[in-house]
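Novice: Chain by chain, the residues run as shown.
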Amino acid sequence: MLKNLLKRRDKSRAAAEGGDSSQAAPESGAQQGGWFQRLKSSLAKTRKQLFSRLSGLLQIGRKIDEELMEEIEEILIQSDVGVETTLRLMDNVRAAVKAKGLGDASELESVLKAEILNLLGEDTPLACVPAESPYTILVLGVNGAGKTTTIGKLASRFRSEGQHVIVAAGDTFRAAAEDQLAIWCERAGAELIRGGEQAEPASVVFDAVHAAQHRDADVLIVDTAGRLHTKKPLMDELAKIGRVMGRAHEGAPHEVLLVIDGTVGQNALIQAKVFNEAVPITGVAVTKLDGTAKGGIVIAVKAEIGAPVKLIGIGERLDDLRDFAAADFVAALFASEGTET
Amino acid sequence: MFESLNERLQSTFKKLRGQGKLTESNISDSLREVRRAFLEADVNYKVTRDFIERIKTRALGQEVMGSLTPELQIARIIGEELTQLMGAEAEKIRIAPSGPTVVMLVGLQGAGKTTVAAKLALKFRKEGRTPLLVAADVYRPAAIRQLQILGEQTETPVFSMGTDVSPVKIAKASVTEALAHGQNCVIVDTAGRLHINEELMGELRGIKDAVNPTEILLVVDAMTGQDAVNVAENFNNDLDIDGVILTKMDGDARGGAALSIRHITDKPIKFISIGEKIEAAALEEFYPERMSSRILGQGDFQTLIEKAEDVFSEDQARELERKLSENKGLDFNDFLTQLEQIRNMGPLDQLVDLIPFKNQLPVKNLKPDESHLNYAKAAIQSMTPEERRDPTLLDRSRKLRIAKGSGTTVNQINTLVNQLRMMNRMLNQQTAMAMPQMGPKLGALPRPKRKAKKPRRRKRRKSR
Ligand SMILES: Nc1nc2c(ncn2[C@@H]2O[C@H](COP(=O)(O)OP(=O)(O)OP(=O)(O)O)[C@@H](O)[C@H]2O)c(=O)[nH]1
Ligand SMILES: Nc1nc2c(ncn2[C@@H]2O[C@H](COP(=O)(O)OP(=O)(O)O)[C@@H](O)[C@H]2O)c(=O)[nH]1
Ligand SMILES: [Mg+2]
Ligand SMILES: [Mg+2]
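Protein sequence lines correspond, in order, to chains A and B. According to my numbering, the first sequence is numbered sequentially starting from 1. According to my numbering, the second sequence is numbered sequentially starting from 1.
If you are wondering where the hints come from, they were derived from the structure by calculation, not from laboratory data. One thing to keep in mind: the hints can contain errors.
Simulated DEER-style distance windows between Cβ atoms [stated by the list, open to error]:
| id | chain 1 | residue 1 | chain 2 | residue 2 | range |
| --- | --- | --- | --- | --- | --- |
| 1 | A | Cys128 | B | Thr57 | 55 to 63 angstroms |
| 2 | B | Asn237 | A | Asp236 | 40 to 48 angstroms |
| 3 | A | Leu68 | B | Glu127 | 55 to 63 angstroms |
| 4 | B | Gln84 | A | Glu277 | 34 to 42 angstroms |
| 5 | B | Gly162 | A | Ser106 | 53 to 61 angstroms |
| 6 | B | Thr392 | A | Glu277 | 45 to 53 angstroms |
| 7 | B | Arg58 | A | Pro280 | 45 to 53 angstroms |
| 8 | A | Pro233 | B | Ser28 | 39 to 47 angstroms |
| 9 | A | Gln198 | B | Thr337 | 50 to 58 angstroms |
| 10 | B | Gln153 | A | Pro233 | 40 to 48 angstroms |
C-beta: ideal position from N, C-alpha, C; glycine also.
Required output: the full structure, derived from the provided sequences and hints.
Specialist: Given below as structure tokens:
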């Protein structure tokens, strides 16, 4: 029965994809109704549909009590927000409930969302047309997080604004990392500076900064090899890349983007902390939010290192990059997939 | 950020002192800490809830056993339950009785499938098999090239048909190819995909139908959070997987996803992958006990308790306890007994690894050294009974005699005397808190009747 329903849905997806805008040219910014809408529709096309878990919980007439609080806690923990941040949030919510004298569950939603938004801070999108030139972006993160893909998407976005983009192949370690990046650059229409396998990453990056200066590039994006924060020599290598950039061009890197896999759990917190010590992070990109994971850990990451979330990845195509919008993120946090409604 | 569970349990157990039984009310704080440790290790919320329920049921009404403090008792219950949940021992990968063994690797994007494929190829080759790597990822840019490079590195042939042929066809053709060339293992590297992508999940079912794999293994990043169960459930429902490989274990993620997946799918974890470098040794068998300890943030706690219990006789323990309580200090006879016990516990380096709190011992560079044990033993055996009982008797001429008699040096005797002194000093300081005794070079010796202190996460191997 269920299988049939799924199949039917599959067909309707195929029909929908024929004429819908998802294959359209790269879009930039938080546009077209925001990514949550896009997420909703793209999910609806697969197996699941989104509904808010909160709307079920926070119905008019229900009392605000400990049981309700625990159910909310459960949602937060299941979204990878983490115990500590969840407890902190719930303390704030309790305080607000008390201060405002709230009693009905239906009044809780706005309080809860406001508290999370408060932790996430203001939306600070990445400028599409940077003030500096060349504007240098260093991209880092653990293995398989989505750095190279995000760079491809980002390059495409700058290109669509008419910017001249150079990308540096700073991952000289992983097999075929350069080739992967080369394909993305081709798709995006960006120039690639490569040093060859086993080249010293810092020297590739150094050359790339010079190339960017001499060729009048508007944007330089630097890819780095994925590395676990526990590996001291590799973290030192990263710090060196940061220093080399600064030496080659004053003020560089202007943006240090930490890429976090949206499916990651509590380990992301210590990752962010250690990466931030190697090169101070200015922004975070969360990837793979087209899955069922919520990426709630970025709330804790924001609290820990202070750097705002700036971008999100919602797929593997060139245009699957969005500006982070905290309100959408919070809505998605409480969204759930129902197989059938 | 993570305090170890054990550290946090210490405080909650205070109220258990002097009570004869574990009850719902006196263990509730402790269970809350356990729950928190689980959630911080990324064990799924629901799995955690079930688990705490089970521990509670088991712990309730238990006598507080004479030989174990309440926290050790709970640690033991948790350890046993965890181990049971994760399977008692590693389940090996199956080899097809006839025809080529086909291993199909599946998982989310960036999980580590391609890396595992190469490591597996190397492992097969070391075992005398002839693997064929199959490039069935036609989506990720340069995925085929990545596998080809890894194939060169491991001297394993790579089968590919470019990116324009469907993965189902590629997989099918690869088995024919393996048969034609007498290759007896086929390792299919598939593209990463989301578990909710119906179309791509359908493709995997197609591959499965086409090649009838001996093993379908789900590759999971050890850093995965709460969503791990959704992922595993979906892959398992669609493909009926045979097992799981946990990757990036060279990091410090607790890996609670492992527990969750095991609980939800009941499929064994077959390997852990450690490091980006392609080495056969970097694909390790999975040890459930080690994983439990890692999730809890302890050393191999459970093993330690058991080992300690095995080697200490009740009498020895009681005698030791008596000496400590009388503030008498240990002599060389005790020292010798301990040396022998250490010996009985197995190879020294393994043992030191088991000590959860070794990194917080006041002595640095705790290097296990078998030869040290040997000379210490020889020296003590060359002492007279009086000298063993009263080390203050040891003047220069006696030391010379002992050194000669045991083939050691006066320096070594001095070291030994110092070790005993330090050990006693520490014991005095710690009697209330009962620190495990130790000599600086001998390694710590766990004591079964005392509370273990300050555990630490095991250091993972570093490699790249
Ligand atoms: N579904 C989905 N997949 C993504 C997203 N971003 C990246 N990926 C996939 O995740 C995998 C890893 O992405 P990469 O961009 O190679 O990640 P990386 O951090 O450069 O990896 P390394 O360089 O190997 O450390 C690839 O298969 C990507 O296609 C996303 O937003 N959604
Ligand atoms: N540190 C570490 N990195 C790993 C491990 N396994 C894979 N990786 C890295 O994780 C990233 C994704 O791995 P890959 O094998 O391409 O994953 P796939 O997308 O599932 O095929 C690459 O950068 C690998 O080098 C591991 O055990 N430890
Ligand atoms: Mg990369
Ligand atoms: Mg791959």
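Novice: Each of the hints needs a verdict: does it hold here or not?
Specialist: Here's how the hints hold up against the structure:
Distance hint for cysteine 128/A and threonine 57/B: a CB-CB separation of about 58 angstroms, consistent with the stated range 55 to 63 angstroms. Separation of asparagine 237/B from aspartate 236/A is about 44 angstroms and conforms to the stated range, judged on CB atoms against 40 to 48 angstroms. Between leucine 68/A and glutamate 127/B the C-beta distance comes to about 57 angstroms, which sits within the given range of 55 to 63 angstroms. Under the hint 34 to 42 angstroms, the C-beta atoms of glutamine 84/B and glutamate 277/A, about 40 angstroms apart, fit the expected range.
Distance hint for glycine 162/B and serine 106/A: a CB-CB separation of about 57 angstroms, consistent with the stated range 53 to 61 angstroms. Roughly 51 angstroms separates the CB atoms of threonine 392/B and glutamate 277/A, a value that falls within the hinted 45 to 53 angstroms. In this structure the supplied range 45 to 53 angstroms holds for arginine 58/B paired with proline 280/A, their Cβ-Cβ distance being about 48 angstroms. Distance hint check: the CB atoms of proline 233/A and serine 28/B are about 45 angstroms apart, consistent with the given range 39 to 47 angstroms.
With their beta carbons about 55 angstroms apart, glutamine 198/A and threonine 337/B fall inside the hinted range of 50 to 58 angstroms. For glutamine 153/B and proline 233/A, the hinted distance range of 40 to 48 angstroms is not satisfied, since their beta carbons lie about 21 angstroms from each other.
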